[in-house]
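A.B. asks: Using the sequences provided together with the hints, build the complete structure.
First residue of the sequence shown? That's 46 in this note's numbering, and the numbers climb one at a time after it.
Calculated directly from the structure, the hints in this document are not laboratory data.
It cannot be assumed that every hint is accurate.
[Said to hold, decoys possible] Lysine-lysine pairs mimicking BS3-like chemistry, simulated, CA-CA at most 25 Å apart:
| hint | residue 1 | residue 2 |
| --- | --- | --- |
| 1 | 325 | 339 |
| 2 | 356 | 159 |
| 3 | 422 | 356 |
| 4 | 127 | 276 |
| 5 | 328 | 339 |
| 6 | 163 | 276 |
| 7 | 127 | 450 |
| 8 | 159 | 335 |
| 9 | 356 | 429 |
| 10 | 334 | 155 |
| 11 | 159 | 339 |
| 12 | 163 | 328 |
| 13 | 325 | 159 |
| 14 | 356 | 119 |
| 15 | 155 | 339 |
| 16 | 450 | 119 |
| 17 | 334 | 159 |
| 18 | 159 | 328 |
| 19 | 450 | 276 |
| 20 | 429 | 127 |
| 21 | 155 | 335 |
| 22 | 455 | 119 |
| 23 | 163 | 334 |
| 24 | 325 | 335 |
| 25 | 155 | 356 |
| 26 | 485 | 455 |
| 27 | 127 | 455 |
| 28 | 276 | 455 |
| 29 | 163 | 325 |
| 30 | 427 | 127 |
| 31 | 163 | 335 |
| 32 | 427 | 455 |
[Claimed, not checked] Label pairs and their calculated CB-CB ranges:
| hint | residue 1 | residue 2 | range |
| --- | --- | --- | --- |
| 33 | 292 | 487 | 23 to 33 Å |
| 34 | 362 | 122 | 25 to 35 Å |
| 35 | 166 | 410 | 38 to 48 Å |
All C-beta atoms, glycine included, are put in the ideal place defined by N, C-alpha and C.
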Amino acid sequence: MQPKNATQRLLIQKILVLLGPFVAVPLLFFGPEYRCLFSIIFLSIYWIGEAFPIGITSLFPLALYPILQIVPSKQISPVYFKDSIVLFMCTLIMAMAVEATGLHRRIALKLLTKVGAKQPIMLLGFMCITSFISFFVSDTACTALMCPTAVALLMSMSDAVHHLKEGDNKKKPVADDATVAEKLRMDDMSPQDSGFCKALILACAHASLIGGTAIITSTGPNLVFRENINKRYPEGQVSMTYLQWMVFAIPPMFIYLLASYVVLVCYFMGPSTLVRWFEKPSKEEAHMKKVVEKNIQSMYEDLGDISWGEKSVFTFFVILIGSWISRDPGFTSGWGDLLPHRNYLSDSVSGILIACLLFVWPKNPFDPIDPTAPILKWIDMKNKFSWSCTLLIGAGYAISEGVDKSGLSKLISCEMRKIFVGMSSLPLQCESLNFMVFPKKLILVTVTTAIVIMTEFASNVSTGSIFIPIALGVAESMGVHPLYLALPTTVACSFAFMLPISTPPNAIVYDTKVISMLEMIMCGFILNVACIIITSLNMNTWTYFVFSLNTFPENISISNSSYPIC
46 MQPKNATQRL LIQKILVLLG PFVAVPLLFF GPEYRCLFSI IFLSIYWIGE AFPIGITSLF
106 PLALYPILQI VPSKQISPVY FKDSIVLFMC TLIMAMAVEA TGLHRRIALK LLTKVGAKQP
166 IMLLGFMCIT SFISFFVSDT ACTALMCPTA VALLMSMSDA VHHLKEGDNK KKPVADDATV
226 AEKLRMDDMS PQDSGFCKAL ILACAHASLI GGTAIITSTG PNLVFRENIN KRYPEGQVSM
286 TYLQWMVFAI PPMFIYLLAS YVVLVCYFMG PSTLVRWFEK PSKEEAHMKK VVEKNIQSMY
346 EDLGDISWGE KSVFTFFVIL IGSWISRDPG FTSGWGDLLP HRNYLSDSVS GILIACLLFV
406 WPKNPFDPID PTAPILKWID MKNKFSWSCT LLIGAGYAIS EGVDKSGLSK LISCEMRKIF
466 VGMSSLPLQC ESLNFMVFPK KLILVTVTTA IVIMTEFASN VSTGSIFIPI ALGVAESMGV
526 HPLYLALPTT VACSFAFMLP ISTPPNAIVY DTKVISMLEM IMCGFILNVA CIIITSLNMN
586 TWTYFVFSLN TFPENISISN SSYPIC
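C.D. replies: Right, dumping it as structure tokens:
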């Protein structure tokens with residue numbers, strides 16, 4: 046029977062999603078590793094289909110794992126409040142403070158006044174600004190902050206075009222509920238201007254996702270990686286400090302960003318646009334450039350002088366980043382070594398101290414009405430804090446715990462070992478790189494490609510939680526440095542460029558209706574291929590020598606790397 050209306054269709058969709066996981070019920074009649082696989086299928090279907098709110102679905106492991114005898118309740122519950130979760134909460138609170146004071150908008154507009162309004166240069170400048178903000182703010186928050194700024198700039202450009210063509214004639218009114226594309230009147234624009242609008246909007250998502258790879262605290266998969274490294278190698282056989290991650294990730298991040306820029310410009314504006322950097326603008330372009338720059342300057346001046354709150358948040362921000370970098374730089378002693386019990390410390394300590402200060406530090410002590418009002422209030426935590434995202438990362442750690450405890454990671458590693466190593470009948474200690482069926486460079490490309498495909502259909506945190514521990518195990522079983530597969534696995538989780546459902550930043554820009562699904566898929570596919578190539582080159586050049594990935598750490602205990610004979 047055909048549904049009569051949208052409500053019925055939605056109801057049928059919900060029912061199908063709710064019943065979906067039960068196709069995997071036969072897995073429940075096998076061992077714990079298969080029961081864990083059932084729970085992953087269960088969670089994945091509910092996350093993708095949104096049968097429940099994402100945050101609520103993220104709580105299901107607390108019930109599923111004890112019921113299915115995968116992990117006891119008392120062991121799985123603390124996973125949701127690990128040190129990495131606390132660190133992530135600190136970054137979210139810091140981002141809320143930046144938003145509450147408007148510091149992000151001041152930084153963005155100030156930099157745009159320096160970049161100028163020539164389309165190719167403006168696009169690259171906007172992408173660099175967005176990526177920089179994404180260093181310290183979640184990719185979702187960054188896109189949510191920068192997309193309206195991009196729309197405001199495009200509106201000023203649209204007004205400039207209308208004024209140039211129509212003079213002082215009034216524009217036709219636009220409905221209040223009109224989409225961004227309708228408000229911009231993209232149908233009346235030239236192909237060049239229309240393409241620029243699409244490129245700038247999609248750049249908000251691309252740049253925020255790429256920027257999130259640069260800092261280890263920027264995005265969920267990075268934190269999952271950090272947690273797995275700390276848990277798997279408690280004696281520091283393999284480590285990754287805040288500064289070491291920056292050394293690994295920032296150089297290729299610039300290349301990812303440049304690749305995204307080239308893809309967006311060539312796809313939406315034409316390859317010839319790349320040479321327009323050096324061309325003298327036409328009369329129309331010169332007028333538009335002047336008007337847009339004037340509007341940007343006006344928007345910046347409307348902010349007024351920098352406030353006490355903005356200065357305070359910026360100072361706290363610098364102190365926080367400085368404390369993370371200097372606690373354990375890796376190449377020299379840090380401030381953590383000055384304390385008697387350095388092993389008691391982590392980056393979350395300074396994060397919590399700064400986060401707590403934000404709730405007592407005055408936003409404007411010179412305000413005659415309420416000089417003691419803090420930068421943040423608890424009502425902000427209730428209304429603006431991303432509890433859903435925090436629970437999602439907690440669920441990611443829970444999945445990782447289940448995959449490890451149930452033996453699923455060993456099962457998958459064993460199967461991959463058969464494929465890649467081809468010596469499954471020999472114990473690990475008898476294997477060497479010379480026995481591999483495939484070159485390890487090909488294995489790296491294969492793993493990175495598989496993760497990129499997976500993260501288009503599942504959240505980056507859940508993808509990382511499942512595959513990062515597996516990557517560590519597979520690398521160990523092959524006698525390869527664990528970071529050789531774990532680092533590209535982690536970074537690839539952020540390459541979700543193709544679909545609106547892949548990640549919230551994509552959904553935010555798609556909701557503007559400025560770009561079509563096909564345009565997002567095509568640009569995303571090309572960029573995914575480019576990022577896989579760049580990551581593979583980075584792992585076999587810069588990262589390979591910086592982290593000495595040509596050697597297997599001798600002090601890794603056999604318990605970490607021993608897998609059952611397949």
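A.B. asks: Which constraints among the numbered hints does this structure fail? Numbers only, ascending.
C.D. replies: 6, 14 and 32
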